Structure formats: structure tokens, C-alpha cells
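Student: What follows is each chain in one-letter form.
Protein chains: 2
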Amino acid sequence: MTCLVHGFEGSAVSAGIRYQGRLDLGLIASDEPAVLAAVFTRNEVKAAHVLAGLDRLSRGEPYVRAVVVNSGNANACTGNEGVAHVHEICSLVAREMGINSDDVMVSSTGVIGQSLPMGRIGDAVPSLVKGLSENGLEAVADAILTTDTVRKTAVRCIDIEGVGVTVAGMAKGAGMIGPDMGPPRATMLSFVLSDARVDPAWWQGALERSVSDTFNRITIDGDTSTNDTVMALANGLAGNMEINDTRYGESFEAILRDLLQDLARQIVRDGEGVTKCVTLVVRGARTRGEADRIARTIAGSPLVKTAFFGEDPNWGRILAAAGRAGFPLDQGLISLAFDDIEIVRMGTGAGKEAEDLAKKVMAAGEFTVVLDLGLGQEEARILTGDLSIDYVRINANYRT
Amino acid sequence: MTCLVHGFEGSAVSAGIRYQGRLDLGLIASDEPAVLAAVFTRNEVKAAHVLAGLDRLSRGEPYVRAVVVNSGNANACTGNEGVAHVHEICSLVAREMGINSDDVMVSSTGVIGQSLPMGRIGDAVPSLVKGLSENGLEAVADAILTTDTVRKTAVRCIDIEGVGVTVAGMAKGAGMIGPDMGPPRATMLSFVLSDARVDPAWWQGALERSVSDTFNRITIDGDTSTNDTVMALANGLAGNMEINDTRYGESFEAILRDLLQDLARQIVRDGEGVTKCVTLVVRGARTRGEADRIARTIAGSPLVKTAFFGEDPNWGRILAAAGRAGFPLDQGLISLAFDDIEIVRMGTGAGKEAEDLAKKVMAAGEFTVVLDLGLGQEEARILTGDLSIDYVRINANYRT
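Chains A and B, in that order, are what the protein sequence lines are. Taking the working numbering, the leading residue of the first sequence gets 160, the next gets one more, and so forth. Taking the working numbering, the leading residue of the second sequence gets 160, the next gets one more, and so forth.
Next up, chain A with everything else stripped away, as it sits in the complex (with noise of 0.2 angstroms):
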């Protein structure tokens, strides 16, 4: 982090788990017991971690001291060995902490389906510990890295009467990104450390509420992952008076909401083979839930990702997937601008000189897409990315 929080430190090593010589076992501590919040991934086939961790929540018991992540090897469809070996991770670091054992929450992303190596991992846990420092935590915002081409972190800071209170974050994830996560319940990580003495439940509630419109708005490439994942640690170190529902909530709330759109915006930005980042937005829709339906069948459509990709403002493959969202339209009532570019107008092409405007606007790195059904008042945005040669490349090739 570019900021540090009281009280938090990190470390992270090269266990080896998938290649060798590069950060992939990392470890975040609070030197106070920390409230946690917690969001899971809602894809019906989930991770070790995901199923060890719904069951640690369930307990109601919120505070926790530590967080263990490691890359390379996502622990998903590993049965009941791959659970025991949440647990075994927990007591490894407990014991070298000399903390209790239920303390410690673990996350895992990598490849589905292959049992964690842990005589390698047993091996680094000494050193991960040893490693703890305040500097350490930008070491963890490696480690977590997959196909990743850059390290995601942000920080937002606020004042709490008097009080100078930190909420910082960082993420992964650039393939397998279509995250749906849910109360306690996306191969996206993100761990958010604060140093704000906050209620529990309004910290959780916060949280959902957060995610949802950030976190679980962005799409790469639709794919819901077994592992998606965001905690939320806050240790009270910065000594404000407890925020609540009540209490500065709503002000931390949106400092919250901030800090993970920027985390977002940054996945999105480096998602695999990325070259566009994209904000659709689709307007003048009967309900929100119409609108969120068409905004994710249009960011998740492959014609469209790819004339993204060709800087073709090709509007009629987005008139075809929103058509086919599942919802009556009345084609003669829509429009679409890209930016401050109106293409169509009342269902027909606004003309060859501005789809030329549009295809400058395209060729931006990041541009807004907004489709008007003109059937009603309500709307939604979904931050996408294109689909480019060098997605199909990275995936055609990933675990080989």
C-alpha cells in the first residue's frame, strides 16, 4: 500500500506453489484482533477457503488477526482434502504467530482442481512470519498477482471528529472475472484494511452494500470464479469513536465505496488482454433489474468485446444483444451514444460522419457506451473490457 495503516503489517515469500522465484505465499496480520468482513463468491462450485470460510463465519464470532493468501493453486474441487488443508494452513501460521488457530482466515487463487502443495508450503511459513513488517504489505499485493500484469492497490483517507482514520485495499484478478459475491457467501481477491473502530454488523452490512455496486458491476469475461473474495479487516487502532449506522457510517461508507471502485477500475483495466475499459451504461429502462440484465448480456457478448477490440463502433451487434436480454423492447424508441457521440437515434444509424466521431472515440483506451431504450427512468452500469487476440492466447495456453 502507498499508505500505512496502524497497526497491520505484511510479508510474502516464494513457496514455490506453482513456479519458482516468484511471491506466491503472502500473509497480513493485525496486531490487534480485527473485525472482519467478509463477501464469498455465489458460484455453486467453490473453493476450499470459500466452504472453510462461510463455516468460520457462521460461528458469529468477528474478530480475526490474520489473513494467509497464496496464488497458483486456487484449492477449488479438491474435496474434503482440500478443506483439511485451510485448516492445516490456519495452524501452521497460528502456532509460528503464537495466535489461535481460528484467527486466521486463508484465500486461494490458481489453477481449479490440484491438491495444494503443502510440505512447500509447511516449509515457508517460518520465514512468512519472520517476514511481518509495515513496509510488507505491497509484498502481499504481489504475491496474490496471477495473470496480472500490475499491482492493485489504493487508499482513501477521512476525518472522524478530529480523528485521521485509513482505509486502504488491494486486488487481483484479470481472468475469471464476472464476480457475483454475496453476505457471507468472486478469481478476484481483495483484502481491505482500515485502522477505523467500526460496529461489526454495520462493517459487514457496509461492505455488501459496497461490493455490490462495485466489485460485482465489472465483467471481463463473465466467468464467475469458485475463489472471488473480499475481507475486510478494521483493528480500531485509530482510536475514532465506533462507526456505526448511525455514527459517520454513511460517510465511511462512501469512502469505502471509493477506495473499491478504484480497486475495480483497476482490474478491469488490466483484465487478460484488456486494451478498452469500457462503461456501459443502459438508460431509460423499465427497472433496474431489466437494465442490469441487457448491461451484462451487451458487456458480455463476443461480437461486441470484439468490435471493441476493432474499434468498430458497430452499434447494431449492441442493438442484437440487448434485444436477446430476455426483455420486450420497442426498437424504434432506442438510441446510443458513444461518449458525447449519438450513432443511433430512434432505432436507425445516425450516418457514416458520426460512427467516424465514434471510432475516434474508440480509440481511447476508455470510453463510455450509453444506450437509451427510452422505455422508462431507470438504469445501471457494468465496467467491461474488450475481447482481443491476446485474451484467447492467454486462456488457450494458461495451464500449460
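Honestly, the hints are just simulated from the structure, not real lab data. A few of these clues could be false.
Repeated chains share a single entry, so a pair holds when one copy, or any two copies, can fit it.
Said to hold, decoys possible - Using 20 angstroms as the maximum straight-line C-alpha spacing, the simulated SDA-like pairs for lysine to any residue come out as follows:
1. Lys289 x Asp301
2. Lys511 x Thr308
3. Lys511 x Pro276
4. Lys518 x Arg552
5. Lys511 x Glu240
6. Lys519 x Asp549
7. Lys518 x Thr507
8. Lys511 x Ser274
Please read these numbers as outputs of a predicted model, since none were measured by experiment.
Take the given structure of chain A and dock chain B to it, following the hints.
Tutor: This is chain B only, laid out in the frame that chain A set:
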């Protein structure tokens, strides 16, 4: 067609609709009024010929004499002008043929959002009609192609109490293939021609049921087109006793379905950039609807499709896609096989040896993937292709 069908003639010309020197305008004509059955895309955004076709069919007069079809331009999202152009084509062709304008159907495929070049089409109609011949149907099958690389035709024959009856079909389609066609209401086009004498209501029903089992169960990119159209013409010239629900309906429908399945498979094999033709079977589901939805989610997953392209039996991606389809699963009950090689048993991998064998299966151009959910007795199958570098290349540059 490799086989003549009594009383049908075809003709095709290069009208210069989008490219010069390429067959792009075709005509199918029947000597006698033929019973028309038709299904069109259920996309909410519908091409002009679909809107005009629905309107024509709603008048309940099932006999037609001719079908005109153009490639290079979808005449979709072209407003009232587009529909007027359809009527104009009907009039031009009817006048030249000396028949009624209502007896002419139109279909289009190509780029969305551009006006048909009516001047060039009008100029081409006289030579189009003049060129009609029994051997001209193959030229029509060529004229409907867009990004297709091969002509797609098939033919079946059946004996009805000593009378030989023929049914032949042609199709096109390589991209924007995720057909969802229904009772009078892909961009795939298919024309089925038969000399059978048929009951009109039975003919429409037989086409709907057959399409729902064949064309509607293929997907290349999942992008349901604004133009998908199947028209089946039966002119009765074989002189058989009329086929209906109770008389030879079942056996004739079986060959119709077999014909359409043949054409559907040809479409997937020639799909844009497709190097693998995969039959995806989801069984052990609680309901057929769930099996269907899960199969379509897997078939639409970019990660699964790129793994097919890479010949990587990356089963974790298949399970992850199944898990996000929206139905409760028990991951511990899932098994998965590539042809007869089981690579997942009870939710976990069967090991490297099995995966190496599965890799060999994938090296073939066609294979079957069977996902057993272990929950029930229902199943569904989808025919799909992989996602290759060429798919992206073709679609990033389609309009330029």
C-alpha cells in the same frame, strides 16, 4: 442441392450489394404454390424481413411461390424504410415472374444498420428471374453465405406408400450464431424445399419442433441474431397422399429433423474461427430446463471455449461455469468425461493420466463432453465450437 426437388428452381446473381463479383442475391421459385412454414428470431430487435414476414404470415394464407434472399446487408435497424424495401423487392420480383406480390418472401443477412442498395437490386432482378433453373439451387446456397467458408446443403428422401418424397435444405451461418427461433415470430438462414404434399398446420408444427431440437441447440458465440430465419416450402409435386399429424407425420418429421441437424452441424463446423466441434451433454439434472441452461452457460463461457481451442482439458473452468448457471448443485456429486475418458469423479480430478488421455481426445476436430450433475434423470445437449484467435480476428475487422 445435390439432389433435385420436383418443381423447384433457383437462381443467383452478383448484385454488388456489399462486394463486387460475389453472388449476393438469390431466388428460389416453385412451379406450384407451396405451403410455407417459417420460424424467425425471437430477438426483440428484428430485421425488416422478419417484421414483414411476421405480418405476411399473420394473414393466415400459407401458400407462396418464391423466396428472395440477399447477403451482405441485414436490412436490420433500418426503420420504416427497411420494411418498405422488403415490399418493394416482393413487387419487383413478382412483376418479373408474373405472380402475386404476396406470394414472394424475402430474407436478408449481413451488416446491420445500412440501407439496402435498392437501385442495384432492382437492376439485378430481371437477370435473377431469367436465370431460374433446376440446377440453380446450388448457386442460391452460395449466394447466402457471408463469413461462411463452405456451402451447406443436405437432402433426405422417404417413401410414402410407394411414392418417393424428397426434402432438401440449405443453410448459412458462421457468426452471430445463438439461434432462438420460434413460432412465427438466427444470423442463420435456412431454406428447406420439399415436393411433399403436406397439411399446412402440421408442416408449421413439424418445422417448429424440428428447429427447437436442432438449430436452436447450436451456439457459436451465443449472439442471437436479428435476422435468423428458417423457411420450409412444400409444393406437393411428389403426388403423395397428404402428410399430416396422423398420416406419416412422425416418420417425415424424423427425416426433417435429421436434415436440419445435418445443416446445424455444418454451421458449427464452419463457425467463425471454429477448430473444434463439441457436443456438450449435461445429464443427471433435476429438470430439462436446468440441464439446458447449464449446458448453454458452459457453451458460452469464454474460458471453456479458449481451453477447447488450446486442447486443454481444463475441467475446473467447466465446473465453474456450471456453478454460475443459477441452479443449486452439489459439487461433490459432479463427474465429467471427454468422450469415454472420465476426468472428474465426485467433484475432484481423476488425475494426470486421465487428463493426458482427454488431451488426445481434444486433438480430434470433434468430441463430446459429458457433465453428470448426479442430481436427477434429465439431460440436454448443445452443439458448440471453440473460441480461437481467428474468431477475434474475423470479428474485430468484419465491417472494415
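Student: Are the hints correct? Go through all of them and say.
Tutor: Results of checking the hints against the structure:
1. Lys289 x Asp301: within (18 angstroms within a copy, 71 angstroms between copies)
2. Lys511 x Thr308: Answer is neither; intra-copy 37 angstroms and inter-copy 29 angstroms both fail.
3. Lys511 x Pro276: between (58 angstroms within a copy, 16 angstroms between copies)
4. Lys518 x Arg552: For Lys518 and Arg552, the Cα distance is within 20 angstroms only across copies (18 angstroms; inside one copy 26 angstroms).
5. Lys511 x Glu240: between (60 angstroms within a copy, 18 angstroms between copies)
6. Lys519 x Asp549: neither (22 angstroms within a copy, 25 angstroms between copies)
7. Lys518 x Thr507: Cα proximity of Lys518 and Thr507: one copy only (18 angstroms, versus 47 angstroms across).
8. Lys511 x Ser274: Between copies only: 12 angstroms across, 56 angstroms inside.
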